[in-house]
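Adding 34 to a residue's 1-based position in the sequence shown gives its number in this note's numbering.
Hints in this document: simulated from the structure, not taken from any laboratory.
Ideal Cβ positions, reconstructed from N, Cα and C, are used throughout, including at glycine.
Possibly wrong hints are sitting among the right ones.
Beta-carbon label-pair distances, calculated as ranges [what the hints assert, rightly or not]: (1) A109 - E41: 38 to 46 Å; (2) L39 - V60: 13 to 21 Å; (3) Q143 - D107: 34 to 42 Å; (4) K62 - G82: 13 to 21 Å; (5) D57 - F108: 19 to 27 Å; (6) M47 - D94: 14 to 22 Å; (7) G82 - A109: 13 to 21 Å.
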Amino acid sequence: TLNILMEKCGFSMDIYDCFYAPDETVFKKRYDFITSTEVIEHLHDPMGELTRLWTLLKPDGVLGIMTAFRVEDFADWYYKRDLTHIRFFTPKTFEWIAKKLGAQLEIPQSGVILLHKK
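Build the full structure now, drawing on both the sequences and the hints.
Okay, structure coming up:
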């Protein structure tokens, strides 16, 4: 997983998962970089959760998100077959999210979103 890769590179990470690592102390700290990998598509209130993560970022921090972007050929798209995926996103969605958060948006490749805190 990402935390193991990052720790091998010398970075320490706090982990939170409401089912598998429910350590609520992570919400009492501030971070330079927060990652959300293949999570946002499962959330009932994605903007509420993103806002909560945004408040945990230090100035000049980055919120990194990974999710598959919705494709034009939605009917045949493999990603929608996972019934736990209840939300789908496009680059335009993240433009709106960035505006609401007051973030600078960067999409270095499809499905990789970086929200920079100004």
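Going down the list of hints, with the structure as the test:
no. : hint                    : verdict
1   : A109 - E41: 38 to 46 Å  : holds (41 Å)
2   : L39 - V60: 13 to 21 Å   : holds (19 Å)
3   : Q143 - D107: 34 to 42 Å : violated (20 Å)
4   : K62 - G82: 13 to 21 Å   : holds (18 Å)
5   : D57 - F108: 19 to 27 Å  : violated (37 Å)
6   : M47 - D94: 14 to 22 Å   : holds (19 Å)
7   : G82 - A109: 13 to 21 Å  : violated (30 Å)
Comparing the model with each earlier hint shows violations of hints 3, 5 and 7; every other hint is respected.
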